[in-house]
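A.B. asks: As a plain string of letters, each chain reads:
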Amino acid sequence: MLRLPPHEYHRPRSLDEAVELLHRFGDDAMVIAGGTDLIPNMKHRLFEPAHLVGLKGIGELRGIRREGGALAIGAAETLASVARHPEVRGRFAALAAAAGHVAGPQLRNAGTIGGNLCLDTRCTYYNQTEFWRRALGYCLKKDGTVCHVTKVGKKCVAAHSADTPPALIAFGARVEMRSPSGTRSVPVEDFFVPDGIRNNQRGPGETITRILIPLSFVSGADGAPGGADVDAAAGGDADGAVNRIRGSPNGDEELHLRSGYSKLRQRASIDFPLLTVAVAAWVDPGGRMQRLRGVVTALGARPRELTGWDEIAEGEALDDDVIDALAERARKQCRPLDNIIVDPEWRRAMVPVYVKRALIQLRDEPPS
Amino acid sequence: MSETGGGGESRPGGTDEQRVPDGRNSQSDLNLIGSRLRKVDGFAKASGKARYADDIALPGMLHARIVRSPHPHARIVSIDSSRAEALDGVRGVVTGRDMPHTYGVIPWTPDEHPLCVDRVRYIGDGVAAVAAVDEDTAIEAAGLIEVEYEELPAYLDPRKALEATGGEDSPYIHEPRKAGWNGNITKKVHLDFGEVHALMEASDVVVEGAYFFEGTTHAPIEPHCAIGLWEPDGREAGGLSSGGGLTFPLEPGMGGQPGKHEGGVPSSHGRLTVWSSTQVPHYLHRELARVLELDPARVRVIQPPVGGAFGGKSEPFDLEFCVAALAMKTGRPVKILYTREEVFYAHRGRHPFHMRYRTGATKDGKLQSVDAQVLLDGGAYASFGLVTTYYSGQLLTAPYTMPAYRFDSVRAYTNKPACGPKRGHGSVQPRFAFEVQLDKLAEKLEMDPVGLRRSNAMGGNTRTVNELRVTSNGFVECLEAVERASGWKERWRRLPFGRGLGVAGSCYISGTNYPVYPNDMPQSAVQIQIDRSGRVAVFSGASEIGQGTDSMVAYVAAEELGVPLDYVRVFAGDTDFTPVDLGAYSSRVTFMLGNACIDAARTLKRKVQDAVAGEWGCKPREVLLAGGWALFAPDTARKLPIREAFQLAEAMFGTLGATGWYNTPKDIHGSYRGGTIGSSPAYSFTAHVAEVDVDVETGFVEVKRIWIAHDCGRALNPVLVEGQMEGSAYMGFAEALMEEQIFKSAEQGREGLHNAPSLLDYRIPTSLDTPELESLIVESLDPEGPYGAKEAGEGPLHPSIPAIANAIHDAVGIRMDALPFSPPRVWRRINEARAEGKLKKPTAPGRPIEEEVHESVS
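Going line by line, the protein sequences match chains Y and C.
Position one of the first sequence corresponds to residue 1 (our numbering), numbered consecutively onward.
Position one of the second sequence corresponds to residue 1001 (our numbering), numbered consecutively onward.
Honestly, the hints are just simulated from the structure, not real lab data.
Quantities reported herein were computed from a predicted structural model and do not represent experimental measurements.
Take the hints with a grain of salt, since some may be wrong.
Claimed, not checked - Some chain C residues well away from chain Y (every beta-carbon gap over 12 Å; in silico): (1) 1179; (2) 1208; (3) 1639; (4) 1675.
As the list claims (entries may be wrong) - Partial selection, computed: residues in chain C whose CB lies under 8 Å from chain Y: (5) 1068; (6) 1123; (7) 1135; (8) 1188; (9) 1189; (10) 1339; (11) 1768; (12) 1818; (13) 1822.
What the hints assert, rightly or not - Quick partial rundown of chain Y residues pointing at chain C, CB under 8 Å, derived from the structure: (14) 7; (15) 132; (16) 136; (17) 266; (18) 342.
Built from N, CA and C at the ideal position, the CB exists for glycine as well.
The following block holds chain C by itself, in its conformation from the complex (with noise of 0.2 Å):
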């Protein structure tokens, strides 16, 4: 085991024993990393020999599925489950009241319930959950499952639910945590750093702006599924993994049900094991056992590869409860399913943000002073909402320089879905208005917004205006490279009418600083077996999500100890035999796992070399492990299969294994209320240009190409680097044009219904109307990333949006300030364009900036 944390002095990083004589990289000392190579997993996925979690049966499993609320606010009067237990082929009943206790992914904000127990929150909260022999007698007996509702008023717009004062008329969606306190209040945060109102007046030009970000959701391609799996005292049973007999009782009553406490749920032995589609089996890991008064140490969580997840899987949801309460009444394993309209429920998506900015600036275009007022639209429970709530304005403070900042955001509860983390988790919509900010800005200063944007880049080694720490920051090199790439000097405001070039830039974290409970033990961790066959066998804490985590770990591994890359085997997604990882989210899992698989392949590495060098009678470290060989640095004409070099280390030490973890540095946040939120060990940076057409007939916005230019540290293989990139740019694109996740009102039929919960009406691009996408990777080399590398699976995401609102602009003159720029909105805003004499293409800046800027200041 290494003396330190992959975050102390051991930095990874070319040396000179790294060295490997192949001229195959000529761009740095390594020798794996940095090449284009396939995902270790991506043939099993792509030839369909991946087991997603709904390819899991096991001997005896039950299908459950959940009753869900009609209503969008109600209490509950009474359930009466006797008609379903009566029906031939039910096996078992849960309520809300057989789970009593709160969860919450943030510990601070645990609002919700498995089940609902007294009171429903929006149409799909769910109430109870039946098992049977099979689906559709679940599904029968779902439907005689008899709940009687009292109907409360619902709010739909969260300015409204601001408004309740909780009295008969105007109830609050939750109980407020405090006396006095609005119950429709998730969290409040008001922030101000410098001089905000004296900067503002003193700027030359004000830009005043009011924008929304409607809410979408992730629609993974797999719906959630989960499996739950209780196997009591005394019978003991592996898992599938481990291949062992699976015993338990095959029918109710034949033994081995476990010992119930009031709720019907047990309270002590026997061990749960929950196959789940999540990217934080840490988390559900902890809220099962806490949840159902389980110890820890007997709860064991599975995950299986995941199809999807992009943020809308990173928490717990009803259906894990479910299935293990209902393992456990039943002595039977047993799997739900989501329908596809249940992962619209489930959501935890974009929140709709309702936004107001004001941005200062000198009349040379230095920023001054931003002033940001934000209402976010929650939905029905908080999730990861107080995190959000800082998210929509701690992470605004680079890539510019920013004298002066203010943020007033208030996360309401309303009658719907809850809104929780998506890709660019509380910063995409900020970015947005700030881009589009900043477009208008450099227009009334008639300046070119790319300039505008490099004269006020912060740079690297730094601190934001929030104190946030910046170290690596090739912000200004992405700049270029998409200005270059897309013939910005040469094209933009003189394409023709209907053509128009976008710009937009941004930040975002790699990891968050701190834990989203509070404790000082590692963020992530490998543990890594290597043995006599030349095997190496890493054991990854991490969740891979298809983002690519386990052929990371692999590389790494493979690039330390020097073997070839189908050596490596990577056991991941089970707390049963991986240490613990907090998850895939917030963009941690390269930055920190890969850290940490470093930190572990190191101690071996050191090992063997200690081994081969004892046996050439040389220095350790002028034995390099490459390629399948070990190597005599100075001659490698001297080399040895790495099989028999770790056979030697095998000799000299006994059996090879080896933990590496990583822990974030503790002193990079801000030192105020809330100052951790939104720090990170390092910041990706992305500039984006997009290029439109624009149909002023029907509204309808092609977006014809989008080069992306992300500076992730280093790109451990760019092939993957380049479809984060890809993907992200698409994901934005689709949130632009045409994605919302919107409900019915009143008039509409029912209040609070959502709208379209299917995959044909809630519109994503297809490959069709997707853009050609240009990726442009920049290589900053972060000081503590692994290799220097840092975050792109959400960063690249950020400027699309405004990039294309901003392209728009210059297609045709129109300002699109809220979300999306689906035909029919784009088509109103050229009508009134058109009305106003203003549907044309802007001026190109010329006249001298003094002349205008007098005109200009507001």
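With the rest of the complex left out, here is chain Y (with noise of 0.2 Å):
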């Protein structure tokens, strides 16, 4: 069978404790939570650490809980329990379906939102055992100077393939890191570089300890959690958060979270996506939408955020003119490689449509 390259496994009872750790063994060591990702990379010869540092055990990276005006979800819990938390389910709709569509239930079961947010990188040249690896020369993400994908190019066009963040992204959400330094929280989208090799900007000896999702528009305006001035509804009703917003552009008047969330894959259950899209927007009684946002993934190398929403979107309701319209902008932006195994040209047809079945899902009905 395919074997650990030999490792020593750490198990901190604490925060404090892990980045220690990580801060002594610097480059030696890698945080492992759930593994389902870094396991089968290091049987592939993809990563040798010499030092693991266990996350699970440290309750402080536990949780799902309000705290200011945001949903905190501590890194380390299971993407089974943020699937099925009724918070999440009520209000990010979008995000409980992505984090219910990771591959299948056991995996769901071990693997967290922290490493769902920190997933490696994809290509069809990259996830392969040392032998086949071998057997095609390497390639330019890990041990080689070729890219297989691109021929030409000397970037990595590895596919970010986790299901979670493009929810996350269109939720406004920030993700907070620890480092000996210190606490950070950068915007998701900002934690993602377009690097296929590191996708990301966690950087050495940093740790990714809680997701925070504003619960309120005003706190989504400027990125930042918080949001005085809103009286965020209590609970996660079907319909989503409900918001009062006092002065807000239309006056005094309600609007819910609505979001969707559609996940191209072959098969139902296992697969990486093969193209994921998350939108979201605010929605007044009328059904006109504010800051609605779409995010898509398992293209390239980090999540993108579809642009030239607002000006067909902005205060509109979404009729299916302005879905077509929208899949359309969205078509324009997404060129799908070589990089995963499925025919690029149908991946890139299935653009609109799944950016359309997400759309649907937000006017009419959220995603399970």
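Hey, can you piece these two chains together into the complex? The hints should help.
C.D. replies: As structure tokens, then:
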């Protein structure tokens, strides 16, 4: 069978201890939570860390609770617990759906939301055994000099393949990280960088601690959780978040946070996405949308936020013409590559289809 | 011992002697047979108690790793294992030169070495093996073995392989077997029956089509695993099963190393035991003895429970020779467990087929002439390919009458893992093409495709156009069962656009009439021993690979000897104490082993009846054995516990044992060269209707339901038959929609590199993707099968794929003539059809046929 490279496994009991271990071992250490991505990658000799710092025993990294104007999700919460959490389901339906579509049930019970954010990029030329990669002559991302996807490029185009980040970006979430130099948080879209070799800005010795998703319209406006002038409706009803906005552009009125999520894959379980679409918007009682965001992934090294949607949709109701226009705008921005083994031309044609399906969910019914 | 083989006159079946007045099985005279029963090994497997090959650990056992070629085609210039051998913990290395004999499961095409000697032929071909104290050390040592290669041009496309000249720039993959032959051809078969040309010309309609069946692999959940144990002379030791103490040197050089000949592998004495996850212990036994130059009487093969095989473990593989050779060389037991990647390289899965068919019929839909051309993409070695090449044509001639038939099949070598037999060996691919041809024919003739099939059904007790003897035949019943269950008459062509129904039929062999190596010995055998406790021990040569072989013999033994099922112990899969059975392939086991078991059990039954009759002063045939009792037939109130009946017999006849066997009838094949291949003592028949939902926006095909009707002769245990039917239909559906054993091209980075040797990217449907499967058992009661039984393990796969293809056509009007029907491919076909204005529900037959025919004549 494939064997793990030799390594030492550490079980810190606190975040401080974990950060200290990571600092001490530097580049020789990697963090491990569910291990659903790292373990197969280690067996493929993509990573051979001498030290693994396990995060699963750290209570500070658990819990899903309201804090200030945000829902704070501990980085070591499993995807299964995120997917079934009532407030996530009620308020952030696209996130619950995304977490619930990762791999299969056993893997969702092990894999964590923090791990999903840090999922290594994937490529047909990379996620293979050492023997296979040697027969290939290796690739740009690992041990080689050539990108077999682009043939010429010096830039790795391995695909970001995590399910939850598009939903988190659509909801304006931030990711909080901890390192010996302290705690910082960045918007999830800024967490990712356009480099397939290492597609996030987590520094050496730094680990994700929490995901913070703003609960209200205003709090999302400047990207920071908070929103003191907002009365967030309590609990998560099936209609999603309700906010009573005072002094919003349309006066005192209710805005509902609505969302949609669609995932293209050949099997109804297990598969990584061939394309993922998450959409979210604040919708008034007349169905008019504010701050519609759409994010796609499984195309390049990081999730891509669809642009130009404001001019089509801001303040509009989501009728079929608007949906078509948004879908077409999305198609123009997405060009899948041969980094995934499934026909890129078909995957491109599926962009407007899956954007439409996500938008219809947003309009008609939350994803499940 | 009985006077005749089970295939002789002692035919099973209900007789008055066997009638048990319990009313439980009102359909037959049988007691246990036909009941819904558990598998005898089901609980051990479900609860994790079964010990598979990899669960075996012997004291002092080494672990070995095989070094594999990173090149699709290359000459081996040199192999240097000195650095590996110097590594701490390494105990031995073998290379191809240690095992110079070629082997092959088909004796006419032995073209493989256990490890390559001077040439590698695909990425993954084995070149050396190293044994070390643990797996990590073996892996590290494998990386230290330096192999120098000289690369050669490689062939991925069989059409290109056939164009090779054998010159420097265009080398053959194998040496031609005769001067002037093309070394890239494994086998060519051309067979011609009836007036193909004339009848095609005279046909009112002719349908012509080109089809492609992509290769697929078996993907058993258990990877191949083998353990070798060498016991030198003078160190007698039992194996695991006998519980004897194992003795062998714990360190190399402590003695007991076999005498070496030039290759480093011993030529003489000692005993070799190999545990292997094989489905053919007997063929493995033969080849181990031959290749390692051992006396077969000193070789023992043990087959532990197997975690799936499907044809993927039906010949010897490199690991079995390597563990044996390394055990002999090091004096210690050696294990190899394949990685999942290696399972994809070992392969022997379904061949990719390039096919062309012309099918001619009269205006009222009677088949007239069938003309086929098939190119088989064989991969690097012959495997069963000679047989596959025949099967690609021979097995198409039922269940429909065809007055004329011709096929031209060629198997080419290519630089990819070798293809071989996968469930429905060689006949699933042509069946796909042919059943789609029939659907096109029906459409052209404006006929209902069920009706067209019914009107061409050949019926029973007949011979096919290629002279195969067909006895029992429940095909029309199968067709009608799926027609009824699916609501075909009301729903076909009438479902909304996007939803469709498709039908297909098929037949398959119940075992090959002739073994792969010619001999007149029995094909299958059991030995049964009973004693005064009431216990029945059945020593079965057959291979339980999950299909229920051990259960089947237990049911038969319990049925015949009248004991409760849990009095029966089945000992199987060990060549040291079971008689020879040829293995679990070609759907032969129920038919052949079942008859062998009846044969042995009846010999014992007669003794028990004689003894009890002596005690009661009645006629032996008045003694019934059933349900744990010996009963007096005229008055069943008079009875004796079966244990006491056995005691009477043991007292009268001495220790009670019997062998029983089965051999095939020898006069049922074609009278031409190759006419033995495809002949079987019985044929099973199947019909499917599939219902699909096609998403024209995405190309996704969702198979909603498959109705499977299968004529298995008699269902010995309907639960297991239904399991085989569902499993087969699932496997076919998986090939239809998803599976592809494909390889990268040079443009894709590396010619001949497997596209995705993992269960993540080689996609097999999950339970969420799987349609509802509805099994409808048809029982035609075969005259020669055990209690009338025929096969159920492979036949029910065949119609899955064409039924789905035909359903896609009914749903949206497109034809899928190439596999798999994956979303991108279906989407492309939909776009083409849309552009041509053909994306629509096909019209239902309705216009008078006469009118249409003249327009349709081609």
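A.B. asks: Confirm or reject each hint.
C.D. replies: Going down the list of hints, with the structure as the test:
1. Consistency note on residue 1179 (chain C): stated as away from chain Y, and its beta-carbon is indeed over 12 Å from all of that chain's, at 35 Å minimum.
2. Distance to chain Y confirms residue 1208 (chain C) as a non-interface residue, since its nearest Cβ pair spans about 28 Å, more than 12 Å.
3. For residue 1639 (chain C), the non-interface assignment is confirmed: its Cβ lies about 53 Å from the closest Cβ of chain Y, beyond the 12 Å cut-off.
4. In this structure residue 1675 (chain C) is separated from chain Y by more than 12 Å, as the shortest Cβ-Cβ distance comes to about 43 Å.
5. The restraint placing residue 1068 (chain C) at the interface with chain Y holds, with a minimum CB-CB distance near 6 Å, inside the 8 Å limit.
6. Of the supplied interface hints, the one on residue 1123 (chain C) holds, with its beta-carbon coming within about 5 Å of a beta-carbon of chain Y, less than 8 Å.
7. Against a cut-off of 8 Å between C-beta atoms, the interface hint on residue 1135 (chain C) holds, since the closest Cβ of chain Y lies about 6 Å away.
8. Given the 8 Å rule on beta carbons, the hint for residue 1188 (chain C) is violated: about 32 Å separates it from the nearest Cβ of chain Y.
9. Given the 8 Å rule on beta carbons, the hint for residue 1189 (chain C) is violated: about 34 Å separates it from the nearest Cβ of chain Y.
10. Nearest Cβ of chain Y to the Cβ of residue 1339 (chain C): about 5 Å, under the 8 Å cut. The hint holds.
11. Given hint, residue 1768 (chain C) at the interface with chain Y, holds; its Cβ is 4 Å from that chain's nearest Cβ, closer than 8 Å.
12. At a threshold of 8 Å, the smallest CB-CB gap from residue 1818 (chain C) to chain Y is about 14 Å, leaving the interface hint violated.
13. Among the interface hints, the one on residue 1822 (chain C) holds; its C-beta lies about 7 Å from the nearest C-beta in chain Y, closer than the 8 Å criterion.
14. At its closest, the beta carbon of residue 7 (chain Y) sits 12 Å from a beta carbon of chain C; the interface hint therefore is violated under the 8 Å criterion.
15. Among the interface hints, the one on residue 132 (chain Y) holds; its C-beta lies about 7 Å from the nearest C-beta in chain C, closer than the 8 Å criterion.
16. Using the Cβ-Cβ criterion of 8 Å, the hint placing residue 136 (chain Y) at the interface with chain C is satisfied: the shortest such distance is roughly 5 Å.
17. Interface hint at residue 266 (chain Y): satisfied, since its Cβ lies 6 Å from the closest Cβ of chain C, which is below the 8 Å cut-off.
18. About 6 Å separates the beta-carbon of residue 342 (chain Y) from the nearest beta-carbon of chain C, less than 8 Å, and the hint is met.
Hint check: violations occur at hints 8, 9, 12 and 14; the rest are consistent with the structure.
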